[in-house]
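Protein chains: 2
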Amino acid sequence: MSLPRIAIDAMGGDEGVRVMIDGAALARRRHDRFKFLLVGDETRIKAALETHPNLRASSEILHTEGVISGEDKPSQALRRAKGTSMGRAIEAVKLGHAGAAVSAGNTGALMAIAKLSLRTMPGIDRPALAALLPTLGDNDVVMLDLGANTECDSRNLVQFAIMGAAYARVATGREQPRVRLLNIGSEEIKGTDEVRDAAAILRAAADLSMSFDGFTEADKICRGDVDVVVTDGFSGNVALKAVEGTARFVADLLKRGFSSSLRSKIGFLISKPATELLKHHLDPNNHNGAVFLGLNGIVVKSHGSANAAGVANAVAVTARLLEENVTERIIADLARVGGSNLRKPRKVPGVQEERA
Amino acid sequence: MSLPRIAIDAMGGDEGVRVMIDGAALARRRHDRFKFLLVGDETRIKAALETHPNLRASSEILHTEGVISGEDKPSQALRRAKGTSMGRAIEAVKLGHAGAAVSAGNTGALMAIAKLSLRTMPGIDRPALAALLPTLGDNDVVMLDLGANTECDSRNLVQFAIMGAAYARVATGREQPRVRLLNIGSEEIKGTDEVRDAAAILRAAADLSMSFDGFTEADKICRGDVDVVVTDGFSGNVALKAVEGTARFVADLLKRGFSSSLRSKIGFLISKPATELLKHHLDPNNHNGAVFLGLNGIVVKSHGSANAAGVANAVAVTARLLEENVTERIIADLARVGGSNLRKPRKVPGVQEERA
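Protein chains in written order, with the working numbering: chain A, 1 to 356; chain B, 1 to 356.
Where hints are given, some of them may not hold.
As the list makes no split between identical chains, a pair holds if one copy fits it or if it spans any two.
Here are the simulated BS3-like cross-link-like pairs (lysine-lysine), alpha carbons at most 27 Å apart as the crow flies [claimed, not checked]: (1) Lys190 / Lys73; (2) Lys82 / Lys46; (3) Lys46 / Lys73; (4) Lys73 / Lys220; (5) Lys190 / Lys82.
Hints listed in this document are in silico derivations from the structure and should not be mistaken for laboratory results.
Please model the complete structure; the sequences and the hints are all you need to start from.
Next comes the structure, spelled out in structure tokens:
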């Protein structure tokens, strides 16, 4: 059985080609049936491949000269995309030369190029950025949108819920993932019109392959009793970054406390299992790999500052989504629901349409 | 010199009268020039006062029968307010019998009653809920709005910035507090129209008694390099709760790690200074007391589940705001800026006006 290839934008990210190639090589060990298309500067990719004969054997290199920079605005990136590693990696997905693309480059540019090139699935108005966050339970929680859409109407949120549930079925194996909308209270009267309308639609809809449980607040995302948390890109980005920032804040405080006395230093050494558990749960590399859901093809964003283990995680997420055919699953879910099941909400004025 | 009294809604909160009275007694030790008006069931207040002769000596009791419950919707609370401890505590501020009111009751009800009774200051369209969060720096950071206004236009955000800066001057002693707007990126093109417009107004305005530094992302709130973070009530509430939830998540993980082996248990005991530091920084009781800014009078919300130390913190925040005349300061700042300085932004459609 031949699995689709994974295209890697080898030039994106703060850490350069080597980290991307090291990460792909690490991921290949766990997903050794996959082939790779490594897109970027051929000389540098070849140099990085020297220590990875197995990856080299299962890869093809697509040479490009151009690179999308962190400073490129989405509009500039769209104009420049053609000859760049990011543009060609996504184009490979469009042309069927790869099943998915992974990039650690500029998120706004990646989103814009992916949307224009791959287009949204039938039934989806806007793609969303989804990631897995750690929980106190057995499974991670899928959260979306994490910043692709600054403002969302209820229809967008409902579509995000369907896409998030499909992802959670892959990630957790749970057939009816527990889905909640992020809100500032659990009562039905709380929140914006968009959030309340989306809840009403999801409550009324049948056949959604999910268990819709109403609202959740941001302090309960990681408790492990919800599989999908749905929100607009502004709040989702704020929540995600608040979680990351607090985790770092705590790590810094702990470091400060532990280094304040010899006694603490000894305590630190002895209590390593506790702090290692913490490190494992809080290290963003262990949760790297955010997926643009809702496009005709899979595009995964690796964090710009991820290390090789982080890149490997992003590639593993990609492999998993390909193995489980998440794109086809979402299309099937949408077709089954058929839009007709989803009461069309009134138009929300003031919502700024994104154009890519 | 006689300081205005502090009215305490003795009936609000999950923990009952005793915690409110114990908290007020604790706070009185540090702020012993203040007098108190204890509002609620006289018999129970008197019983709780038995162990606190000093507080009893500096308090008057205002007996009320009714209590606003956690389930009362704001509209119900407004109708029922008259005979309740919450309603009478706020009324005392309105009538000048107290300078400020503290309640651990239902936030929505408190907001509605306070707005209707005290009205917003001249120059303020909507009050905002502000709190102090811990940072890695020397001072706490003021964050607002934390949930009073689900949606805000740029004019609201600008007013929040002015109010937050006045609070930060009191809390940090810094004459020109560093103010930033919460956004999902630091570039000027990021975020909603409202956030970008507010930034443009704040950049253009002179004489604001603040140093406006543009945008901040939610992972940088607690770094200690910003004194005021301004956002709408939805995002602010999400950010605050994400921080609280992550702190609890980490504490739970640590507990799990430490209890997993004898070695860890010993490590835990030895490393107590580190975990105590963490506990001190992360215990919400140490940061209890959110202020409704922008009303003609000070109303402070204590967390419903706060313990006596938490209530004492909320009362201490109140005392500080009274001592430093924060209401007068905000009025003076607004008068100096004079509205004329703030370019009137275009109306944002779709923003739902709150009516109290």
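message: Hints numbered earlier in the text: which of these fail when held up against the supplied structure?
response: Hint check: 3 fails alone, others pass.
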